[in-house]
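Number of protein chains: 2
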Amino acid sequence: MVRGIVRITLASLALLSSAHAQTADPASFVNPFIGTGAVDTNSLSGSNFPGACTPFGFVQLSPDTRESPSDPASGYDYNDHSIFGFSHTHLSGTGVADLFDILCMPYTGEVVWEPGQYKSDFTHDAEKASPGYYSVLLKTWNTKVELTATTHVGLQRYTFPTGTRGHVIIDLDHSLDKKRFYWPCRIISAQVRVVNDHTIEGYRIITGWSRLRKVFFRAEFSQPFVSDALLEGGKVMEAGTVVNGTRVKAVLDFNASKDQPVLVKVGLSSVSREGAERNLETELPGWDFDATVADARAAWNKELSCISVDGTEEQKRIFYTGLYHAFTQPNNLADADGAYVGTDFTTRKAADGTHYSTFSLWDTYRAAHPLYTLVQPERDAAFINSMLRQYETYGYLPIWQLWGDETYCMIGNHAIPVIVDAYMKHLPGIDYAKAYAAIRASSVVEHPGAPFRLLDQYHFFPENKQSQSVSLTLEVAFDDWCVAQMANAMGKTEDYKYFMDRAGSYRNLYDADTRFFRGRNADGNWVSPFDPLTYGGNGGAPYTEGNAWQYCWYVPQDVPGLIRLLGGASSFTDKLDTFFTLQAKPADVNGNASGFIGQDAHGNEPSHHTPYLYDYAGQPWKTQLYTARIMQELYNDKSSGYAGNEDCGQMSSWYIFSAMGFYPVNPASSVYCFGSPQLRKAVIRLANGGRFTVLAPKAGGKNIYIQAVRLNGSPYHKTYITHKDILSGGTLEFDMGPAPNKKWGTAPEDAPAGSAY
Amino acid sequence: MVRGIVRITLASLALLSSAHAQTADPASFVNPFIGTGAVDTNSLSGSNFPGACTPFGFVQLSPDTRESPSDPASGYDYNDHSIFGFSHTHLSGTGVADLFDILCMPYTGEVVWEPGQYKSDFTHDAEKASPGYYSVLLKTWNTKVELTATTHVGLQRYTFPTGTRGHVIIDLDHSLDKKRFYWPCRIISAQVRVVNDHTIEGYRIITGWSRLRKVFFRAEFSQPFVSDALLEGGKVMEAGTVVNGTRVKAVLDFNASKDQPVLVKVGLSSVSREGAERNLETELPGWDFDATVADARAAWNKELSCISVDGTEEQKRIFYTGLYHAFTQPNNLADADGAYVGTDFTTRKAADGTHYSTFSLWDTYRAAHPLYTLVQPERDAAFINSMLRQYETYGYLPIWQLWGDETYCMIGNHAIPVIVDAYMKHLPGIDYAKAYAAIRASSVVEHPGAPFRLLDQYHFFPENKQSQSVSLTLEVAFDDWCVAQMANAMGKTEDYKYFMDRAGSYRNLYDADTRFFRGRNADGNWVSPFDPLTYGGNGGAPYTEGNAWQYCWYVPQDVPGLIRLLGGASSFTDKLDTFFTLQAKPADVNGNASGFIGQDAHGNEPSHHTPYLYDYAGQPWKTQLYTARIMQELYNDKSSGYAGNEDCGQMSSWYIFSAMGFYPVNPASSVYCFGSPQLRKAVIRLANGGRFTVLAPKAGGKNIYIQAVRLNGSPYHKTYITHKDILSGGTLEFDMGPAPNKKWGTAPEDAPAGSAY
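Going line by line, the protein sequences match chains A and B. Mapping the first sequence onto UniProt numbering, position 716 (from 1) lands on 716, and the numbers just tick up by one. Mapping the second sequence onto UniProt numbering, position 176 (from 1) lands on 176, and the numbers just tick up by one.
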């Protein structure tokens, strides 16, 4: 009977759950073409790909519209007219390209080997994409291609025209542009082996943006190939059943017919040949293409249903596609049995069975990881455990980790806020003693871009000794504040004092004359000449992919302190007003700065928190104004849906939070500042079984201003909510209207809590 | 009582054994400086190194006299005056350089980081080397360095002058010349980590001649370092306990004193950090430098005592140093627990606990591996099992395997004769079914340098489709004959016929007009113009590192057939006479061709068997003449002791066999042809417990001609002996004299048996 009761209760919960889920098939709102291409010269591609994958999956099987992809980094540009093939691994939204492993391409007619020969024209009217499914008609070959995937396996269905000889080329030489990168991409070793008349396997070992990657595959075909040929370095090895080299390809021939499509399933592993075979057998033993599509879609629906929303159709498409992009990575690199390759290129087993990588942390610590703490807490713990494995073998945490290896892309050590945020939010499943050791090591062990000795000596990074010094000083100050908070909570008083002291170093770069954070040299003198509009890139100037205007606002750990530096609330908001209205684009604007509203460049991450800063200075209606403008003007549901690189979920996560009405300005504070909710309703399904509901029934269009707020029915005046409030469940209600209510949320005590300073 | 009897018997055997062993300390005859440097412009370095190692050991710890070694490939030239440090891995006798891993260098004074700053002068009068031990006084730093080794561990003892600060730099950036190679040497990732005040560890992952190598190390010091500093890419990371990058170095400081030398033991692994630590703990837990030296020497004496010889002191030095060089590789790459990295860069465990590499097979199949079958049969089986692991992951057997990976250096597939020789000699411990599959795959699966389709189509390799075509056709014909013999013995009739047919393809390149093997194009026409003196190198011409004269003799599988082609015995020996007397050095002589007697270039392998061919044509005294001349003129016990690259034991093995009086012209036939014994006595200790004794009491000096031979007391007229004869034990006696006995061994039935043709 006890069991019976439990059963009934679970059934009731299931009913309750489906009652809460207002969107039964959220995948239907995902448009994988969002972010895949600019529509005019004023817009940008988000560098997303439209192909098939599962949530956080290793295999991301997608068409490549460039022979040697470089930009967009996803390999697909919506404006292109040719497809060179379908490769199994991609990056979503990054600024730098890599991966593109194990390209397959069907074609007909003569056997050809070169991309320029086997590529095909295509048009978007014969192309479809949805979560876990992609299809396209290759016009040149009159062949339909359909793609789906499991975590480690890509499944393709080729419908060749009847009566032709169908060919499938596996081109292991397809990679990012081998000529364009500072560390030239080069294939160190590759192999294709014919196992039997319907199976091939092989690998490539490649150095590129990721310094060293092993990619093993095993490909099984649904019907025997009638012949095969292997090629290395331009020489066909006809007599062979195996070919080794650096430019390795295979062509397999099939008796084609429209009625009997050729299916191929390709298992991948970053560890071993055996791993690829096991992954294939474990995840996709059969040949049911449609069931695999359904499974992939079900997997997406399971993850996407963590938040149910109501709003316009366009809003839902942007929202769920954003969630889809946020859940496209980090990717589980481990084999099905937990085996993975460490930063020291040694194979080990992950205790939790997963090893995630693709950590674009300079981007994702801001909102993507805070979002994961809410709706993917178990995975966020697994992400952190994966990062800790880098610490164990590498000595410090990831900065920008790709395929399990460090790339040192961008600045700061922003695994730190991710870990401290998880600690403060009590995410289970993490060894926090080790985690503290890791964030501490990342903050004291000198490494490229982190000469901490300079910080101890000068109390800022002098530009003549460490470039990008303003951005680095500011961002490291934030990381230091995070370390200090965890040290304090753990009773490590010495560390707390040391890191709180370093966290204040941002003040040493504040130039009271120009009222900007400004580079200084080791002699203490300001870097001159100075123009707050002048851009820096990724070295050679004090600012990273931005200018002094954009970096003026980066003190998320101590906004009250920043307000004081800038002369008090009124001066602060005046300067913010200028920031959001100053129309000036210098000739040297950095390529990553885009999506401008005044000097605010929402297309790049330094500006992401800035519109929320009015909340701290008594003018929350301006936060509401600018966040609404950004959502309404700089996001859409077309291929140009993002104002810049989507950046592995960060650009999407900004929207996901902001559309619900709040955003983590300080992503390690457990505090979310209110903006302008755009959705009429959002229900967050919490890991604790509860629900947090946000209602804004009048939201949308011109109703961008908060008139009043109620939390669980009671009037609420604060301009922020805490993580604890959300986890407690309940309902947050926004009354929205077309004009600001300058009385709401404007008292000093309504502003987000000050820092520990 | 039974036990007692056994004991007595064993004791008797031991006595017997020591009675037979005429050389109690053969290591005392080894001079590791032989082969380390030319003495004038007419001589060559053998490219050997003088440092410390154990037989077939992984660690070969030796001084590098070049900052970026390239030529000599061993990193050490006897003519140099500076030492840049002591690195742990080396190649012995090769033409191409690689390895030089984990360089350590002690120095005093200011902390410096660059090779040009820490290098030291040295002189040979303050330098010593013997098996397992090397020492030198670094004049610049007045510091004595002593080296010894176990299989996976290098142990160094630094005696700094008293009262100075002693430094030890670990320079992970030290490598082969990064600018000189077709596949530029590049460090992909490297790390040094300070574990505690007397331990550091780290690794480097490097691409060079070997396409990808991982080298992990763990270094423990006998006393704490008082400070340490880490450097990456020119930046000192003072605050760090770990440093990652590509140009990684560490400097450790010690309070030095003459009375308390600093010892450092460095464990290496090609697999993992854990492997390096385990190897260190397993093999060298303590700090007894002298005992480690004694152990290494004992290990060498154990191996070197497989043959006891009597002769002049110089002969013994050449002989035992040759045996030392023959036992310097192949090297056991596996960790102490049997873990190794396969050609697909996947870690696996070797069933027999060892994984050997450095297979310079184009050289060593000729005499080194036949020597191993006699005196290292268990290891030869382990070598073959290691080669079979390449077949399993790579699809075919090694051509030139370095650090477990294929380099495709040189031509042919000469793992085949090694395996077939072992099969014919019944070496235990090999899965011969798999071995046959492997040699067959290596003979049919097309791979670089092996376009077998051309052979099937044209019955020779056409030069306009595959360069080095004459050498390749001839050498593959020999490999094919080997495959056929094993196929025949296994009852594989089809294969036997196919490969015997291919083995005859050498005839298709014989040009009856010029009486040379000559290149042909696909249209059947001879490659013109033709001059038999014109050299080829490693591509672009029909001959490999030689000319038509040198390749005229390469039909070891069918010397009778070659004699017929050349017009019968008399024409054959006339042409051989011309070959050994023709003084003509064209301007294009290949750099590997050296050690000339006429056109015979003993400094390179194509000529190694040639002087023995007179045995087949009724003029064995000319074999005696020229082999004696080669031994007496082209080998010595100085740094220029070899007439060319020592080539991983092949040049030495030629001497070892020849000095005992016989040589395997066809290295897969179990037949050894008689030459001119130079040693007064040689006793081969056989794996079956028996002894085979060769006596030539009058040998040496002018007594180069065989007067008579007795086998086990009976007159013996054949000009060869079989492997079976040797394994049966017994005594072979040569009566030597200063003039030829043209009656001995000259009847047709005295010549080595004809082939199966």
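Quick caveat, the hints were computed from the structure, so don't treat them as lab data. Small disclaimer: the values here were computed from a predicted structure and weren't measured. Some clues are possibly wrong.
Chain B is nowhere near these chain A residues, computed Cβ spacing over 12 Å in every case [said to hold, decoys possible]: (1) Lys235; (2) Pro532; (3) Pro697; (4) Gln707.
Taking lysine-lysine pairs in the DSS-like style, the calculated list, with each CA pair at most 27 Å apart, reads [unchecked claim]: (5) B:Lys235 x B:Lys178; (6) B:Lys139 x A:Lys179; (7) A:Lys178 x B:Lys178; (8) B:Lys724 x B:Lys144; (9) A:Lys128 x A:Lys575; (10) B:Lys139 x A:Lys235; (11) B:Lys179 x B:Lys425; (12) A:Lys497 x A:Lys425; (13) B:Lys139 x B:Lys316; (14) B:Lys302 x B:Lys258; (15) A:Lys465 x B:Lys434; (16) A:Lys465 x A:Lys425; (17) A:Lys497 x A:Lys622; (18) B:Lys434 x B:Lys349; (19) A:Lys349 x B:Lys742; (20) A:Lys258 x A:Lys235; (21) B:Lys128 x B:Lys258; (22) A:Lys425 x A:Lys681; (23) A:Lys178 x B:Lys258; (24) A:Lys179 x B:Lys144; (25) A:Lys302 x A:Lys425.
Beta carbons are placed, not taken as given, at the ideal position from N, Cα and C, and that holds for glycine.
message = Need the list of violated hint numbers for this structure, in ascending order.
response = Of the numbered hints given earlier, those the structure breaks are 1, 6, 8, 9, 10, 11, 13, 14, 15, 16, 17, 19, 20, 23 and 24, listed in rising order.
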